[in-house]
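Participant: Chains as they are written, first to last, in the working numbering: chain X, 1 to 248; chain C, 1 to 247; chain P, 1 to 286.
A hint or two may mislead.
[To be verified] Just some of the chain C residues that point at chain X, by a computed CB distance under 8 angstroms:
hint : residue
1    : Y159
2    : D161
3    : I162
It should be emphasised that the hints constitute simulated quantities derived from the structure, not laboratory data.
Using N, Cα and C, we set each Cβ at its ideal position, and we do this for glycine too.
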Amino acid sequence: MTWTPDQPIVSLKDVRKSFGTVEVLSGITLDVMKGEVICIIGPSGSGKSTLIRCINALNDIQAGSITVEGLEVNDPKLDKLSLRKKVGMVFQQYNLFPHKTVLQNVMMAPIKVLRQNRTEVEDRARALIAKVRLNGKEDAYPGELSGGQQQRVAIARSLAMNPDVMLFDEVTAALDPETVKEVLTTIKDLAAEGMTCILVTHEMGFAREIADCVYFTDRGVIVESGPPATFFDNAQDPRTQQFLSQIL
Amino acid sequence: MEFANTLIDWLRPDWFLNLVVISDDYNRGRYLAGLWMTVKLSVLSIFFSLIIGILGAAVQGAPSRALRVLVGAFVAFFRNTPPLVQLYFFYFAIGTVLRITGENGLPQPLVSNFGWAVIALSLFAGALNVEIFRAGVEAVPRSTVEAAEALGYTRLQIYRDIVLPLAIRISLPALGTNLVNLVKTTTLAYAIAVPELLYISAQIWSEDLNVREMMNVLLVSYVGLVAILVWVLHRWEKTLRIPGYGE
Amino acid sequence: MRPNAPVRGHMAVLHPMRIRSDALPLADRMFNVWTAAALVLALAAVLIAPAFAQDAAPEKRSIIAILLEWTPTLAGGFGFNVLISILSMAIGTILGVGLGVLQVSPIRPIRSVAWLITQFFRNSPWLVLLFYCILLIPFQIEVFGTKIPFPGWIKAVIGLSLPVMAYMSEYIRGAILSIPTGQWESAESLGFSRRQIMTGIILPQTVKRVLPSWMNLYAVLTMATPLVSIIGVSDVMALTRAALSAEGRVDLLIPMYLYILSWFFIYCYPISAVTRLLERKYSVKL
Numbered sequence: 001m002t003w004t005p006d007q008p009i010v011s012l013k014d015v016r017k018s019f020g021t022v023e024v025l026s027g028i029t030l031d032v033m034k035g036e037v038i039c040i041i042g043p044s045g046s047g048k049s050t051l052i053r054c055i056n057a058l059n060d061i062q063a064g065s066i067t068v069e070g071l072e073v074n075d076p077k078l079d080k081l082s083l084r085k086k087v088g089m090v091f092q093q094y095n096l097f098p099h100k101t102v103l104q105n106v107m108m109a110p111i112k113v114l115r116q117n118r119t120e121v122e123d124r125a126r127a128l129i130a131k132v133r134l135n136g137k138e139d140a141y142p143g144e145l146s147g148g149q150q151q152r153v154a155i156a157r158s159l160a161m162n163p164d165v166m167l168f169d170e171v172t173a174a175l176d177p178e179t180v181k182e183v184l185t186t187i188k189d190l191a192a193e194g195m196t197c198i199l200v201t202h203e204m205g206f207a208r209e210i211a212d213c214v215y216f217t218d219r220g221v222i223v224e225s226g227p228p229a230t231f232f233d234n235a236q237d238p239r240t241q242q243f244l245s246q247i248l
Numbered sequence: 001m002e003f004a005n006t007l008i009d010w011l012r013p014d015w016f017l018n019l020v021v022i023s024d025d026y027n028r029g030r031y032l033a034g035l036w037m038t039v040k041l042s043v044l045s046i047f048f049s050l051i052i053g054i055l056g057a058a059v060q061g062a063p064s065r066a067l068r069v070l071v072g073a074f075v076a077f078f079r080n081t082p083p084l085v086q087l088y089f090f091y092f093a094i095g096t097v098l099r100i101t102g103e104n105g106l107p108q109p110l111v112s113n114f115g116w117a118v119i120a121l122s123l124f125a126g127a128l129n130v131e132i133f134r135a136g137v138e139a140v141p142r143s144t145v146e147a148a149e150a151l152g153y154t155r156l157q158i159y160r161d162i163v164l165p166l167a168i169r170i171s172l173p174a175l176g177t178n179l180v181n182l183v184k185t186t187t188l189a190y191a192i193a194v195p196e197l198l199y200i201s202a203q204i205w206s207e208d209l210n211v212r213e214m215m216n217v218l219l220v221s222y223v224g225l226v227a228i229l230v231w232v233l234h235r236w237e238k239t240l241r242i243p244g245y246g247e
Numbered sequence: 001m002r003p004n005a006p007v008r009g010h011m012a013v014l015h016p017m018r019i020r021s022d023a024l025p026l027a028d029r030m031f032n033v034w035t036a037a038a039l040v041l042a043l044a045a046v047l048i049a050p051a052f053a054q055d056a057a058p059e060k061r062s063i064i065a066i067l068l069e070w071t072p073t074l075a076g077g078f079g080f081n082v083l084i085s086i087l088s089m090a091i092g093t094i095l096g097v098g099l100g101v102l103q104v105s106p107i108r109p110i111r112s113v114a115w116l117i118t119q120f121f122r123n124s125p126w127l128v129l130l131f132y133c134i135l136l137i138p139f140q141i142e143v144f145g146t147k148i149p150f151p152g153w154i155k156a157v158i159g160l161s162l163p164v165m166a167y168m169s170e171y172i173r174g175a176i177l178s179i180p181t182g183q184w185e186s187a188e189s190l191g192f193s194r195r196q197i198m199t200g201i202i203l204p205q206t207v208k209r210v211l212p213s214w215m216n217l218y219a220v221l222t223m224a225t226p227l228v229s230i231i232g233v234s235d236v237m238a239l240t241r242a243a244l245s246a247e248g249r250v251d252l253l254i255p256m257y258l259y260i261l262s263w264f265f266i267y268c269y270p271i272s273a274v275t276r277l278l279e280r281k282y283s284v285k286l
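Please put together the full structure from these sequences, using the hints given.
Facilitator: The following block contains the structure:
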């Protein structure tokens with residue numbers, strides 16, 4: 001089956017996942033179209049992070065199916081590299097490689113994994129670093145940067161692989177309040193350019209501003225979803241209402 | 001006070017002026033040969049112990065349970081038995097069994113006493129290196145490895161480009177301590193008559209009856225050797241240092 | 001060096017510092033009950049196999065019989081090793097604590113001298129220190145008309161206690177510096193003297209931090225005790241070699257050495273196991 005842009009770029013069907021005897025995803029179904037931005041919100045421990053990690057095959061699933069551009073993610077025969085070329089991921093803890101400079105962090109994967117030409121990659125990497133507004137920091141090491149700066153390098157590092165979908169796993173949760181904004185601005189720029197984004201976030205204001213669709217998960221299921229205007233102002237499910245009243 | 005006199009006598013500075021290792025050509029030659037032997041013992045044992053450490057740590061991450069258990073037993077055994085008895089075991093027990101018939105028809109040891117000293121010291125220090133490297137590998141955060149996975153790195157690439165460079169830096173302080181200990185432990189080769197520094201010095205002091213002088217020379221020599229090793233390690237640590245890493 | 005200076009290896013870059021508490025003490029997972037069983041079996045096989053081989057030559061005593069025959073003598077020797085280790089540890093610990101406290105003295109010359117002594121004995125080979133003591137300490141010392149004899153084994157105890165002192169001094173220094181400065185400040189503001197703060201507040205807190213290293217040091221010391229056989233003390237190693245030359249059998253060499261190695265293993269392994277347990281327990285809180 002070949003994928004065409006009118007089909008969902010990411011599609012989850014009845015996804016189930018357990019850690020030991022604990023079921024963390026109990027049948028998640030969700031479609032994301034190309035260029036869409038979706039936000040997944042919910043209380044901690046509701047399986048949001050697991051969900052997003054499954055899309056990138058960092059966690060495997062026990063039942064159901066996940067496809068990215070028609071690729072069956074949970075297929076044991078899947079070439080992980082072909083998936084990871086399509087899907088970029090940014091983590092809560094940035095996870096930069098501390099022994100490489102900013103430029104090297106961004107350039108490493110395209111050169112080593114995709115075996116692309118070094119000079120070409122360098123040009124692109126410098127452009128990406130400029131795009132995340134870190135010009136002049138190319139030769140700094142991650143340890144010399146603030147959390148927000150490190151997180152923006154992590155975004156540039158993912159973008160250097162030219163992914164079609166970006167996953168953001170609570171990327172502002174570990175940041176100082178002052179630096180949260182600079183990271184969110186970077187993501188907003190990306191979304192405006194038409195990048196397909198899946199975010200797990202606690203920033204409700206941001207979700208409301210940026211998302212095409214918001215999903216609320218609790219105890220491994222999607223309780224409610226909808227466009228941000230309806231979702232935030234007119235939530236139907238009592239669990240959603242309770243969660244929103246605590247947060248907002 | 002006899003004791004006080006002894007003490008003053010002991011510390012008198014002129015011993016340095018009539019040191020046999022400086023004034024006497026023959027003794028100086030012997031001393032330098034002994035020093036060179038200690039350096040050879042140290043360098044070879046450090047080299048092989050590092051190889052044992054890296055291989056052992058790699059095997060500890062291997063899927064084969066039997067291999068892991070084997071390496072675990074090796075580490076536990078060499079870490080919890082006296083190095084001197086290990087050396088005797090290799091030299092007197094295994095060395096006596098491992099003999100070949102030489103050209104003159106008499107049984108010849110397959111491995112020389114120097115060879116056994118290197119083997120025993122490498123295994124002893126290597127066992128601890130296995131633990132040190134393994135701890136270094138495990139201290140690399142799982143999330144950093146995941147980030148590399150998400151970027152499409154293969155297992156080998158992750159190990160070579162991410163885990164190993166970080167693990168080496170994390171292991172370095174403990175590794176340094178162990179290698180310094182190894183240099184100090186080369187003195188055990190005295191017990192199987194390898195003509196290293198201690199052995200030669202003992203020869204000199206029993207011939208020339210200058211125990212005190214040779215003792216001081218000996219201690220200064222070892223402190224000097226250790227200082228050189230510490231300096232080398234320090235340099236290495238410095239070149240590996242990453243800005244913003246640590247302080 | 002400030003007390004709250006970052007411990008090397010705790011890198012801000014690796015946020016969050018997820019060095020798992022079980023990362024450092026590994027041998028536990030590497031070495032479990034099954035390995036222990038395999039090791040004991042292997043040992044038994046080595047001991048028993050030559051014994052069966054002897055069936056061909058019935059006039060010879062079996063290896064096992066010889067080992068059992070020598071066991072009481074060797075046990076006495078091993079007991080001597082343990083005695084030496086305990087005495088050296090006691091002397092070294094007392095001297096080491098004192099030296100360690102001097103290393104953080106507010107008076108600079110005292111600090112420097114204590115540091116120099118520590119570094120010197122820490123970086124000298126144990127065997128060289130043993131020679132030093134055996135050859136340079138007189139066999140008796142006359143103090144106020146009384147002759148105090150110094151037999152070889154006492155000199156050996158002193159020789160082994162010197163490196164113990166130096167290591168202990170380093171551990172104590174490190175532990176004292178790791179106590180938050182707030183402890184000093186609050187005690188000072190309560191009017192305690194420096195000596196009172198050290199003995200009443202700081203040193204008791206270092207016990208927990210030093211304990212794993214101290215136990216490890218004891219295991220290392222015990223494994224260094226066979227060195228005394230080189231300088232003529234009749235410890236288990238010297239007796240083993242005497243037994244081997246008395247028997248004069250080549251096939252006895254490997255079993256006998258393995259037998260002695262296993263004694264040390266059985267004595268030292270539990271100590272290291274408990275050390276790792278303590279390390280793990282305290283590393284979380286430290």
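Participant: Compare the structure with each hint and give your call.
Facilitator: Hint by hint, here is what the structure shows:
1. Checking Y159 (chain C) against chain X: minimum C-beta separation of about 13 angstroms lies over 8 angstroms; hint violated.
2. Interface hint status for D161 (chain C): upheld, as the beta-carbon distance to the closest one in chain X is roughly 7 angstroms, under 8 angstroms.
3. At its closest, the beta carbon of I162 (chain C) sits 6 angstroms from a beta carbon of chain X; the interface hint therefore holds under the 8 angstroms criterion.
Violated hints amount to a single one, hint 1; each of the other numbered hints is respected by the structure.
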